[in-house]
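Protein chains: 2
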Amino acid sequence: MAEQKATNVTWHDGEVSRDDRYRLLRQKGATIWFTGLSGSGKSTIAVALETALFNKSKMSYRLDGDNVRLGINKNLGFSEADRTENIRRIGEIAKLFGDAGVISLSSFISPYKADRNEVRRLHDAANLPFVEVHVDCSLATAEKRDPKGLYKKARAGEIKNFTGIDDPYEAPENPEIHLRTDQMTLQQEVEIIIEYLKKHEIIGARHYTRANDAPQPVAAAR
Amino acid sequence: MAEQKATNVTWHDGEVSRDDRYRLLRQKGATIWFTGLSGSGKSTIAVALETALFNKSKMSYRLDGDNVRLGINKNLGFSEADRTENIRRIGEIAKLFGDAGVISLSSFISPYKADRNEVRRLHDAANLPFVEVHVDCSLATAEKRDPKGLYKKARAGEIKNFTGIDDPYEAPENPEIHLRTDQMTLQQEVEIIIEYLKKHEIIGARHYTRANDAPQPVAAAR
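Note that the protein sequences, when read in sequence, are chains A and B. Under my numbering, the first residue of the first sequence carries the number 289, and numbering increases by one thereafter. Under my numbering, the first residue of the second sequence carries the number 289, and numbering increases by one thereafter.
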């Protein structure tokens, strides 16, 4: 857990609440956290889910291991400390998106249980839904797919600390959703997640979708 | 500029484009970057602007120096290097929100020109609007307001490296918007920004607000 260094900081309340944003977007903010081996199918599912949500006029945004690595986390490498800081920062960003009312789709290997649990704790403390999705397939299957040729490099010793080869993957024990990507179609996987989001009223809740239920204006303080 | 440490990373294209998100939200993403002394009025304007945008059914989200400091940047202090990293990370987060289609409202002292210009460069490279708003008032006025009692502590030597006292504030030379908060009402300030957003078609652009212009569905790749 990162130490709080800055002092003289306090939380500023605004006039527009999280619930106001939820009403505007007609959905609740949430974090869908995909975890699994490289090649397990995290990004593929995230892209398909993003499309499915968009076609329901729901607002989602993908945070991708690769594109975040090229931006905010470009100053982090793959040491254990840097991986932990990587996941911590992404968890904090996901939390901001959730507070904004957006459904963020995070697809990172995120191999360490403690790091994922810290992200869960952040969300629990902020009263935001955290949906851990274990994108599961055997190492043999992932290695056979090897869409980026990374397993081959790792086996050749060209990449060190590669999850599944010379670094552990700690599977979730009680994920909200467990997808066996070697036994399901992509469409089934997306439907399972959509059903979860409906069941938990993140999308489709009656009071967020009622026709003509325009957001009520918020009064300015002055 | 932070060094790119991670290798083997590439950008993942999705099926839902930034323009799709803009159509869904009926606005463009953008970063409104408030800069100015502590007590100049940054947070007050951001809160009022957020309310005004919400009442136009526009989606904004405030990134606040204080609340970001309690989250993603909790492991940063107030040294020059940490301040630079603080602003860099916030700039990257603002960029993500802009790409998502959200208008982010960042209110940070952000005293160093080079740091702000780096955030501007990030936005230019990503083809996202960066609206620098200089929230300007004299040091005497800011110190007289002293809403958090910080100038008093800085004058007493209890806070070191305090902008305006023993650390410089480098004013923007060509900000998109310059607000003299000791000469304007809050309502005037908000109207100036709203007019800017309309003029640059971030909000109110005809093709984003036409009635019954429902977002077109996006085809899934498979």
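Keep in mind that the hints were calculated from the coordinates and are not lab data. Check before you lean on any hint, since a few could be wrong.
Just so you know, same-sequence chains aren't split out, so a pair can sit in one copy or run between any two.
With a cut-off of at most 27 angstroms between alpha-carbon atoms, the simulated BS3-like pairs for lysine-lysine come out as follows [said to hold, decoys possible]:
id, residue 1, residue 2
1, LYS346, LYS486
2, LYS487, LYS401
3, LYS362, LYS401
4, LYS441, LYS346
5, LYS432, LYS486
6, LYS487, LYS344
7, LYS346, LYS448
8, LYS487, LYS436
9, LYS432, LYS346
10, LYS486, LYS436
11, LYS346, LYS362
12, LYS486, LYS448
13, LYS440, LYS346
14, LYS344, LYS448
15, LYS401, LYS346
16, LYS448, LYS487
17, LYS486, LYS440
18, LYS362, LYS344
19, LYS344, LYS436
20, LYS436, LYS346
For each hint, the structure was consulted:
When the C-alpha separation of LYS346 and LYS486 is checked against a cutoff of 27 angstroms, the pair qualifies both within a copy, at 12 angstroms, and between copies, at 25 angstroms. When the C-alpha separation of LYS487 and LYS401 is checked against a cutoff of 27 angstroms, the pair qualifies only within one copy, where the shortest distance is 26 angstroms, while the shortest distance between copies is 49 angstroms. When the C-alpha separation of LYS362 and LYS401 is checked against a cutoff of 27 angstroms, the pair qualifies both within a copy, at 23 angstroms, and between copies, at 22 angstroms. For a Cα distance limit of 27 angstroms, the shortest separation of LYS441 from LYS346 qualifies neither inside one copy, at 39 angstroms, nor across copies, at 47 angstroms.
In the homo-oligomer, the alpha carbons of LYS432 and LYS486 never lie at most 27 angstroms apart, since the shortest distance is 35 angstroms inside one protomer and 52 angstroms across protomers. Taking CA atoms no more than 27 angstroms apart as the test, LYS487 paired with LYS344 passes inside one copy only; the shortest distance there is 16 angstroms, against 31 angstroms between copies. In this assembly of identical chains, LYS346 and LYS448 lie within 27 angstroms of each other by CA distance neither inside one copy nor across copies; the values are 40 angstroms within and 46 angstroms between. In the homo-oligomer, the alpha carbons of LYS487 and LYS436 never lie at most 27 angstroms apart, since the shortest distance is 35 angstroms inside one protomer and 44 angstroms across protomers.
Within a single copy, LYS432 and LYS346 get their C-alpha atoms no closer than 35 angstroms, and across copies no closer than 46 angstroms, so neither meets the 27 angstroms cut-off. For the identical chains of this complex, LYS486 and LYS436 are neighbours neither inside a copy (34 angstroms) nor across copies (43 angstroms), given an alpha-carbon limit of 27 angstroms. Taking the shortest Cα distances, LYS346 and LYS362 never come within 27 angstroms of each other, neither inside one copy (30 angstroms) nor across copies (31 angstroms). In this assembly of identical chains, LYS486 and LYS448 lie within 27 angstroms of each other by CA distance neither inside one copy nor across copies; the values are 41 angstroms within and 51 angstroms between.
Taking identical chains as interchangeable, the C-alpha atoms of LYS440 and LYS346 are never at most 27 angstroms apart, the minima being 38 angstroms within one chain and 48 angstroms between chains. In the homo-oligomer, the alpha carbons of LYS344 and LYS448 never lie at most 27 angstroms apart, since the shortest distance is 42 angstroms inside one protomer and 52 angstroms across protomers. In this homomeric assembly, LYS401 and LYS346 never come within 27 angstroms of each other (Cα to Cα): the closest approach is 30 angstroms inside a single copy and 38 angstroms across copies. In this assembly of identical chains, LYS448 and LYS487 lie within 27 angstroms of each other by CA distance neither inside one copy nor across copies; the values are 42 angstroms within and 52 angstroms between.
For the identical chains of this complex, LYS486 and LYS440 are neighbours neither inside a copy (40 angstroms) nor across copies (52 angstroms), given an alpha-carbon limit of 27 angstroms. In this assembly of identical chains, the alpha carbons of LYS362 and LYS344 never lie at most 27 angstroms apart, being 34 angstroms within a copy and 36 angstroms across copies at closest. For the identical chains of this complex, LYS344 and LYS436 are neighbours neither inside a copy (31 angstroms) nor across copies (45 angstroms), given an alpha-carbon limit of 27 angstroms. In this assembly of identical chains, the alpha carbons of LYS436 and LYS346 never lie at most 27 angstroms apart, being 30 angstroms within a copy and 39 angstroms across copies at closest.
Hint check: violations occur at hints 4, 5, 7, 8, 9, 10, 11, 12, 13, 14, 15, 16, 17, 18, 19, 20; the rest are consistent with the structure.
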